[in-house]
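Residues 1 to 132 (our numbering) make up the sequence shown, in order.
In case anyone wonders, no lab produced these hints; they're calculated from the structure.
Straight-line Cα separation of at most 20 Å, EDC-like style, residue types lysine to aspartate or glutamate; simulated pairs:
{"hint": "1", "residue 1": "44", "residue 2": "86"}
{"hint": "2", "residue 1": "44", "residue 2": "60"}
{"hint": "3", "residue 1": "111", "residue 2": "56"}
{"hint": "4", "residue 1": "67", "residue 2": "32"}
{"hint": "5", "residue 1": "44", "residue 2": "99"}
{"hint": "6", "residue 1": "111", "residue 2": "53"}
Label-pair distances were calculated between CB atoms; the ranges are:
{"hint": "7", "residue 1": "114", "residue 2": "87", "range": "29 to 39 Å"}
{"hint": "8", "residue 1": "114", "residue 2": "76", "range": "14 to 24 Å"}
{"hint": "9", "residue 1": "53", "residue 2": "128", "range": "17 to 27 Å"}
The C-beta atom is built at its ideal place from N, Cα and C for all residues, glycine as well.
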Amino acid sequence: MMAVKQIACAAVALWLVAGGARAQEGFPFGTEMTLEALPQPGSKRIPNIEIGDNGEVMLELWCKGGKGQFSVAGNTVIFVPGQIQDRSCPPAKAQADDDLVAALGSVETWKRQGDVLMLVGPKPLRFRVNGN
1 MMAVKQIACA AVALWLVAGG ARAQEGFPFG TEMTLEALPQ PGSKRIPNIE
51 IGDNGEVMLE LWCKGGKGQF SVAGNTVIFV PGQIQDRSCP PAKAQADDDL
101 VAALGSVETW KRQGDVLMLV GPKPLRFRVN GN
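Please build the complete structure, drawing on both the sequences and the hints.
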């Protein structure tokens, strides 16, 4: 009888762990993430996004910054950029920022593997959850 209880407890624990893992594989609302990319020459800065609980986004790009909004339904995602601040950026950084915003705006689907969010579109983007 004791072995049955131990097996049942182990099964419940495994079910809880597996359920938690699946929950973590959802779209990363309420998360700050960094683009998997190299910094621009002369800078250590790498773009990051902070995704709010309702999909609102704060962007910090190579030079510019701004807001946007993610809308998610299943594995479909739409990014709508908001106001982007031009911070007197050098032309190369300004172009890289504009290209990144355009790439975000063209994503169609998303996948998540652990701490990595993959935004799939004409130019795939990979973001990694920032550790504390």
